[in-house]
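> As numbered in the working numbering, residues 58 to 189 make up the sequence shown, in order.
There's no promise every hint is true.
[Stated by the list, open to error] FRET-style restraints, in silico, Cβ to Cβ:
#1 Asn78 x Asp115: 30 to 36 Å
#2 Thr187 x Thr156: 15 to 21 Å
#3 Pro184 x Glu111: 28 to 34 Å
#4 Gly170 x Val94: 15 to 21 Å
#5 Tyr185 x Asp138: 32 to 38 Å
#6 Pro112 x Thr187: 40 to 46 Å
Think of the hints as simulated: they come from the structure by calculation, not from any bench.
We treat Cβ as the ideally placed atom computed from N, Cα and C, and that holds for glycine.
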Amino acid sequence: MSPTKGTPSGTAAAPSPSAANCVSGRAEVLFRPGDAVVQRLCLRPGAVVSLVLEPRADDRRWTAVLSSAPAFVLASGWRVDADGTARASLRCAGTRGGTAQVTARAKAPDVAGAARVAFTLHVDVLPYPTQG
58 MSPTKGTPSG TAAAPSPSAA NCVSGRAEVL FRPGDAVVQR LCLRPGAVVS
108 LVLEPRADDR RWTAVLSSAP AFVLASGWRV DADGTARASL RCAGTRGGTA
158 QVTARAKAPD VAGAARVAFT LHVDVLPYPT QG
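The task is simple: from the sequences and hints, build the whole structure.
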């Protein structure tokens with residue numbers, strides 16, 4: 058995935074975040090059926106990402122998006138459109154660096170049991186350098 062404004066390319070290979078590859082401002086991450094289910098993104102504090110999960114190709118439906126570290130990346134505004142496209146806003150909070158895993162869960166509507174993780178976005182928050 059290319060951590061720039063726009064959509065991901067589908068590759069999850071990113072050894073470590075670098076200042077040149079971190080997204081600031083607003084961006085969109087679009088996940089389509091067939092894309093890598095684990096991706097990586099580097100964000101600057103204050104960045105806002107629109108996460109768009111296209112309808113699944115199987116019988117499962119998107120049910121929720123969760124952040125492992127809301128102090129770094131806060132997921133909000135969850136909704137599923139009539140066509141099955143799911144959307145959430147990911148807001149990079151604070152001024153310090155850290156990491157969070159944003160997971161999207163899905164399940165078949167007529168099957169008992171908990172929804173399973175179907176997409177994971179590893180987010181590295183890289184603070185702006187301080188001058189002193």
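> So, for every hint listed, does it hold in this structure?
Okay, the hints, checked on the actual structure:
1. For the hinted restraint 30 to 36 Å between Asn78 and Asp115, the CB-CB distance of approximately 32 Å keeps it satisfied.
2. Between Thr187 and Thr156 the beta carbon distance is about 20 Å. The supplied range of 15 to 21 Å therefore holds.
3. A hinted range of 28 to 34 Å holds for the C-beta pair Pro184 and Glu111, which are about 32 Å apart.
4. Separation of Gly170 from Val94 is about 19 Å and conforms to the stated range, judged on CB atoms against 15 to 21 Å.
5. With their beta carbons about 35 Å apart, Tyr185 and Asp138 fall inside the hinted range of 32 to 38 Å.
6. For Pro112 and Thr187, the hinted distance range of 40 to 46 Å is satisfied, since their beta carbons lie about 44 Å from each other.
Violated hints for the displayed structure: none, as all numbered hints are satisfied.
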